[in-house]
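S.K.: Protein chains in written order, with my numbering: chain E, 103 to 360; chain X, 103 to 360; chain U, 103 to 360; chain P, 103 to 360.
If you are wondering where the hints come from, they were derived from the structure by calculation, not from laboratory data.
Heads up, a few of these hints could be off.
Which copy? The list can't say, so a pair holds if one copy fits it or any two copies do.
Said to hold, decoys possible - Only pairs whose alpha carbons sit at most 30 angstroms apart, straight line, appear in this in silico BS3-like list of lysine-lysine:
(1) Lys323 x Lys179
(2) Lys219 x Lys182
(3) Lys234 x Lys179
(4) Lys234 x Lys182
(5) Lys323 x Lys202
(6) Lys260 x Lys234
(7) Lys179 x Lys202
(8) Lys260 x Lys287
(9) Lys339 x Lys132
(10) Lys323 x Lys287
(11) Lys165 x Lys202
(12) Lys323 x Lys260
Protein chains: 4
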Amino acid sequence: MDGEFLEEVSQGLVYETLRTYNRLPFAAWKHYERWNRSLSFFGLTAPITFERYMKILSEGIEKLEGEVRMKVYFSLKSHKVLVVFQPLPRANVEEGVSVKFARYRRIPDLSTPPFLKITGRTDIVLARRDIKDCYDVLIIGASGQLCEGSFSNVFLVKDGVLITPSLESGILDGITRENVIELAKSLDITVEERIVQAWEVFTADEVFLTHTSMGVVPVRKVENRILFEEEAGPITKTLMENFEPFALNRKENWVGAL
Amino acid sequence: MDGEFLEEVSQGLVYETLRTYNRLPFAAWKHYERWNRSLSFFGLTAPITFERYMKILSEGIEKLEGEVRMKVYFSLKSHKVLVVFQPLPRANVEEGVSVKFARYRRIPDLSTPPFLKITGRTDIVLARRDIKDCYDVLIIGASGQLCEGSFSNVFLVKDGVLITPSLESGILDGITRENVIELAKSLDITVEERIVQAWEVFTADEVFLTHTSMGVVPVRKVENRILFEEEAGPITKTLMENFEPFALNRKENWVGAL
Amino acid sequence: MDGEFLEEVSQGLVYETLRTYNRLPFAAWKHYERWNRSLSFFGLTAPITFERYMKILSEGIEKLEGEVRMKVYFSLKSHKVLVVFQPLPRANVEEGVSVKFARYRRIPDLSTPPFLKITGRTDIVLARRDIKDCYDVLIIGASGQLCEGSFSNVFLVKDGVLITPSLESGILDGITRENVIELAKSLDITVEERIVQAWEVFTADEVFLTHTSMGVVPVRKVENRILFEEEAGPITKTLMENFEPFALNRKENWVGAL
Amino acid sequence: MDGEFLEEVSQGLVYETLRTYNRLPFAAWKHYERWNRSLSFFGLTAPITFERYMKILSEGIEKLEGEVRMKVYFSLKSHKVLVVFQPLPRANVEEGVSVKFARYRRIPDLSTPPFLKITGRTDIVLARRDIKDCYDVLIIGASGQLCEGSFSNVFLVKDGVLITPSLESGILDGITRENVIELAKSLDITVEERIVQAWEVFTADEVFLTHTSMGVVPVRKVENRILFEEEAGPITKTLMENFEPFALNRKENWVGAL
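Bound-form chain E, shown alone (with noise of 0.2 angstroms):
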């Protein structure tokens, strides 16, 4: 830790999370678009191919074992490029998780744009902070709305439909949100992405996270308050059966992959 580390931490590393699904790059290519548009918004284009992005991440993924979960970073002062890999973290939550709402409020589209993946991002850096002996936690807006956890999008089921806040609530575009949005849709489910208010996680019948590393995430308390007695609600459990054989047969996610 010194002046220069000092440098790069003030100005920001933009990121991106991805992991393996039978040690293959998921939706590699996604992730590498979005990266790029934080960049683009620093006026910065791709510092790397796609292919040597790749490249990196293959390499990377032969030296462990199993699945591996990488951080892609950029720095925005040194224009450097690391990329961290991990065995990929699993847990058991099937019987449903905890969550509440954060303390301090996702930080408004007017202050600093949401789709911004940065190191320091305050609402985020305040939000894990807090997490302590739940799964995660609910990340509100300025105007009270429900937009997504510190590190996983949330969704609702009320009355057979399939609602999760929209991109104007100020929220990251998840790509596992993505694709359980098109997994519903491709099972006849409505989908409605809009506008929603915190208080109706209370209101819902199912809520449960998507996030990288563990897919569709049912959750079972809310500030303490029981969602579910014995299991997941229906619609919860059929995407969560049916997330991965989804996801790995989509060829959008494998785009340079193969």
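On the provided structure of chain E, position chains X, U and P as indicated by the hints.
M.R.: Just chains X, U and P now, with coordinates in the frame of chain E:
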């Protein structure tokens, strides 16, 4: 730059910026207190005593010549303390500087406490990338109120009254700001700390910035509109001339330093 | 309905709603003061003395039987005062009522002072049109905070503590609300006046409304979610039972009336 | 002024303001449509046909001499329609008018739809009481954006481009505003409808208002800051001179009138 480093970055570093006058650290006690306030927000207590803090500063100052700028960092992950010493940057600002408004707004209090000096605050990060050929950018709050520069506080003069955004505007309580307020009061200038609308910079008689390195800095242009032709207004000039003698004479600024 | 009338409408009328207990106007002084506060916002002074005000109320009450509801209006255009007398509406609310959230938000303080009781406030106008088969609608503020009903204040009970939106939430400081707070304190119930999030009605143990006509009204359903099956919670019931004796005994409520 | 009247007031009246040119109601169809849009917001359909509407207007115009101003009201309570006819007020505005900023903000869209022309909107009521010796006041929105005057729309000219707050700024889509935009386009002036910050009136080259009675009104002073010394800027003058011939020639403005 490695994985360890990236975890430090992601969790952020709390920092303070100080300077010397006559090779002694100015207002060190206030900066120490403010740094601890940021830490206590995270449930942390002072990692080092004030005596130790002063010793580290003195030793670092010894190694450089002339006046010195110091940045004191505390890593929220590793709990390490790091101090960076540099020659105090100087600029010729007597003829007035140009500023503009930041494109992104101050992060609202509901999203992040305004007093939190932490690396990666995106309102600051984004504002600084926008400075370009200006001296600083003025950051506006969620409701259109004037907040502060990316590294300075801002003051207006209107009909002989000194006006500056109040703490409830969502600003950092700058130490130079506080010294200037006290100086003005000692000169029988009426001071108003209140919500100030961004447009008031254009109906004001005088505008100036304050920050640690330079004290009082007259503003000559805002968004390319010229505020004064020949020289800074009379109250700005009075405060510029009297700032250093006043600040150097205030006992509060030298607690523990002599 | 003519041109003159329409000018009155366009400029608005400041009003207050009172009721009698035992055929005497309850808390008349507080209502008179609050009415004058609204008037003074417009730079106007009390158009009639408190004695005159009481006389008008007494004469109107004489003409009706039973308990009476009074609305006292002041036209901002013609400066006329008008009082409308009606039999006090009664409803059986002991088994609890249904409420929902208003579709439009409370007008923020920056747009209209929350204490301003004026005809045509669109947050109230729009909320009332939405009541339909509910008893009242709960109006939410700009940042998602719980404010008040369209004609009532709202209270929660959580872990034995009585919680109600603070004045800074952007509410009208209801006179029944104030009497209930004082009653709770007299019963050694801890009272928290604070910013309350809308979603907290779903994690609360009890929810009730207060308003002039009916005192304490237990809430059984919010947005079709049932809060209690059999009967209102213990603190709600205690406050319901004790409200009338307490309010009738408080000297403050009878200033000038006897 | 009685109880019945007060109920009408409390529920509000939806209205539109029109004028004649050459004793014919101008843009009557657009005003009729806009009035119905407000009504449909309340789930109501047009209470009278356009033919009937035109007949009422024509009959009223007959009874006055010269050009006429008409206000068409619809009571949300009694569903009565009322039209008030007055001689068209005229003012000499060629030398430019003074405006200032309203002390209270535009009611945000989440609280009240911006297109709703209803008596008692407190943003309008409070703004009008503040006009005093100004011609109009400029109402600012919740985030500091410029919205509109209390009875006018506002335009800026900057570097030859005509700039006006977009509908998403939270404004009423004025009919004169729309005619001026079309006029400018017909003259090959670039038009930007966008979010405009309040402070931009001070960096603009020209500022003017538009409203039904007077068309294009140059602004000479904002908050006592003089924008032009001698005469209105060239684009303002061009639009002033061409407005009437252009508007009178547009077929859209005379649907059903001739």
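S.K.: Now tell me, hint by hint, if it's right for this structure.
M.R.: Structure-based check of each hint:
1. With identical chains, the CA atoms of lysine 323 and lysine 179 are at most 30 angstroms apart between copies only, with a shortest distance of 29 angstroms across copies and 42 angstroms within one.
2. Proximity of lysine 219 and lysine 182 under a CA criterion of 30 angstroms is satisfied in both settings, with 16 angstroms inside one chain copy and 26 angstroms between copies.
3. Taking the shortest alpha-carbon separations for lysine 234 and lysine 179, only the inter-copy value of 15 angstroms comes in at or below 30 angstroms, while the best intra-copy value is 32 angstroms.
4. For the homomeric pair lysine 234 and lysine 182, the shortest alpha-carbon distance between copies (22 angstroms) is at most 30 angstroms, but the shortest distance inside one copy (33 angstroms) is not.
5. Taking the shortest alpha-carbon separations for lysine 323 and lysine 202, both the intra-copy value of 8 angstroms and the inter-copy value of 23 angstroms come in at or below 30 angstroms.
6. In the homo-oligomer, the alpha carbons of lysine 260 and lysine 234 lie at most 30 angstroms apart both inside one protomer (29 angstroms) and across protomers (22 angstroms), since each shortest distance falls under that limit.
7. Taking the shortest alpha-carbon separations for lysine 179 and lysine 202, only the inter-copy value of 23 angstroms comes in at or below 30 angstroms, while the best intra-copy value is 35 angstroms.
8. Taking CA atoms no more than 30 angstroms apart as the test, lysine 260 paired with lysine 287 passes inside one copy only; the shortest distance there is 16 angstroms, against 40 angstroms between copies.
9. In this assembly of identical chains, lysine 339 and lysine 132 lie within 30 angstroms of each other by CA distance solely inside one copy; the values are 26 angstroms within and 53 angstroms between copies.
10. In this homomeric assembly, lysine 323 and lysine 287 come within 30 angstroms of each other (Cα to Cα) only inside a single copy, at 27 angstroms, whereas the closest approach across copies is 33 angstroms.
11. In this homomeric assembly, lysine 165 and lysine 202 never come within 30 angstroms of each other (Cα to Cα): the closest approach is 37 angstroms inside a single copy and 50 angstroms across copies.
12. In this homomeric assembly, lysine 323 and lysine 260 come within 30 angstroms of each other (Cα to Cα) both inside a single copy, at 17 angstroms, and across copies, at 17 angstroms.
Hint 11 from the earlier list is the only one contradicted by this structure; the remaining hints agree with it.
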